[in-house]
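Asks: Residue strings, one per chain:
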Amino acid sequence: MSTRIETVAVGAAAEAPPKGRRKLSEGARAERRFGWLLCAPAVIVMIAVTAYPIGYAVYLSLQRYNLAFPNLVHFVGLSNYGAVLSSKYWWHALEVTLAITIISVAIELVLGMLLALLMHRTLFGRGTVRTSALIPYGIVTVAAAYSWQFAWTPGTGYLSGILGQSAPLASTIPAIGVIIMAEVWKTTPFMALLLLAGLALVPEDLQKAAKVDGATAWQRFTRITLPLMKPAILVALLFRTLDAFRIFDNIFILTAGGNGTYSVSILGYDNLFSALNLGVGSAISILIFICVAIIAFLFIKGFGTAAPGSDYLK
Amino acid sequence: MAAANTTGRQKLGWGAANTLAVVLVAIPVLWIASLSFKTPAAVTCTSRWGCFWPSQWTWANYRGILTTSSFIRPLINSIGIGLISTFIAVLLASMAAYAVARLAFPGKRVLIGMSLLIAMFPVISLATPLFNIERQLGLFNTWPGLIIPYVAFGLPLGIYILAAFFREIPWELEKAAKMDGATPYQAFTKVIAPLAAPGMVTTAILVFLFCWNEFLFAISLTSTIASRTAPAALAFFSGSSQFTSPIGPISAAAVVITIPIIIFVLFFQRRIVAGLTSGAVKG
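Chains A and V, in that order, are what the protein sequence lines are.
In terms of numbering that gives the first Met the number 0, the first sequence is numbered consecutively and its last residue is 313.
In terms of numbering that gives the first Met the number 0, the second sequence is numbered consecutively and its last residue is 282.
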């Protein structure tokens with residue numbers, strides 16, 4: 000055990016810039032201890048709030064545990080998972096969540112790229128655009144969701160009024176459309192800012208050289224800008240996909256999951272706070288966690304060496 | 000930049016695109032602001048094009064929500080929980096980020112991996128177990144019951160941003176301090192921490208925005224206005240009496256909780272952009 004740590008520490012110390020010429024092993028050991036000491040509080044909090052509850056959720060998901068019948072708690076094996084996976088509500092929620100995730104992230108990628116190009120290229124008003132783009136990012140999702148809800152309320156809203164008092168929130172597909180619209184408005188600026196940082200890394204000389212060689216603007220974009228931005232695009236897509244998959248706030252305010260617009264997060268919340276069913280609720284929690292892990296795994300495989308955080312380990 | 004060969008037509012095109020972007024951002028914000036100034040009669044509107052601006056203006060919605068404890072108390076909760084969570088998260092994240100950026104120790108890879116995992120964690124997966132754990136520990140519906148998860152979710156963001164900032168700091172100064180006899184702890188608090196202040200401010204802003212915005216924990220781990228934050232209270236807001244439409248008061252409350260964000264954005268936009276994009280594209 001100790002020899003293994005010793006080897007790692009020596010290897011790491013060799014990479015780090017030389018720090019004095021004192022006895023290396025002693026200095027390295029003090030540094031190691033100090034490093035652990037500095038990280039300990041953060042690690043303890045993160046484990047207490049994530050790893051431990053997830054482990055506890057696994058345990059709960061194997062119990063029959065309904066808060067309405069607290070005396071009937073007992074071990075039931077995987078039957079909660081069976082109940083969820085054979086329920087049409089789970090599969091509907093998963094379909095709705097995947098549809099919202101895929102459509103909104105796709106729209107955000109296109110609009111975010113346009114907004115990033117706008118912020119990168121424009122010569123005047125750059126500050127105004129950037130400042131105003133940060134407002135949707137910063138605004139409380141609940142406040143923005145209310146704005147959209149009231150805008151589409153017949154007899155009140157300007158959007159509903161323009162479309163002849165239409166009530167899109169009252170039927171499934173149009174309501175999902177409104178949810179996607181609210182999600183896109185809120186998160187496109189975040190996507191744009193991540194892409195803008197990637198755009199800044201594309202050397203201007205390369206663009207000029209291609210222009211001299213007669214490349215059109217579209218060719219320069221697809222042949223130079225996009226390939227060089229691949230890491231930034233993948234990071235932005237990963238963050239936004241996982242974030243969109245856990246969509247909750249917008250749906251909760253806009254429809255409360257009514258008319259078949261519930262996502263997996265809404266389903267989990269309803270099982271806990273309406274049905275008071277901790278066992279089934281925990282099984283849903285674990286299944287959502289597994290879905291997120293699968294999505295993250297697929298993305299990380301796509302990243303290869305460009306995975307976020309890998310630069311900290313060089 | 001293409002400054003040299005920009006023609007008038009191109010300028011016009013960029014100008015139009017800029018205006019379009021600003022208008023698309025502004026409309027939902029102006030709409031909720033407009034609703035907040037409408038009288039209950041003006042909220043009801045069936046005209047095709049004339050519903051956007053108030054036909055009658057009033058301050059009554061603001062007067063109403065700013066005198067009811069069902070909004071003021073959550074507002075205080077939001078500010079208190081946000082500030083305390085931000086302080087703790089920035090403190091703990093600075094320590095960890097310093098270690099990640101500067102020290103050689105085994106387990107660094109695990110820490111970074113764990114942070115990334117938590118940043119992408121589905122909150123609902125934690126809401127169910129945390130609800131039960133906090134009930135048993137007596138933390139349910141208390142400030143610490145929200146502060147602890149907020150710190151945990153602020154930490155990955157903080158460690159990530161601060162580690163990126165800390166690596167840009169001129170470390171020769173630290174070495175010089177150590178040569179002058181400072182311990183690693185003194186080198187951290189006396190030399191590096193002041194230099195790291197801008198990064199810490201950026202982190203603090205982003206963590207505070209996260210806490211201010213958070214909704215799912217806020218409704219799952221609370222049950223009354225004793226600890227419910229403003230966005231959560233807003234979702235359960237139902238007007239001062241059952242006979243008045245809550246649209247005006249909800250809009251006024253939404254505007255009140257949006258104003259700090261707009262001020263933050265106006266004052267700190269450079270820092271926010273730097274923080275959001277740090278580390279994200281360096282890989």
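Just so you know, these hints were derived from the structure itself, not from any lab.
Hints should not be assumed to be uniformly reliable.
Listed below are several chain A residues computed to face chain V (Cβ distance under 7 angstroms; list not exhaustive) [what the hints assert, rightly or not]: (1) P40; (2) I43; (3) Y55; (4) F68.
Note that this is a predicted model, so its numbers are computed, not measured.
Positions of the beta carbon are idealized from the N, C-alpha and C atoms, including for glycine.
Asks: Please list, smallest to largest, the hint numbers that this structure does not respect.
Replies: 2 and 4
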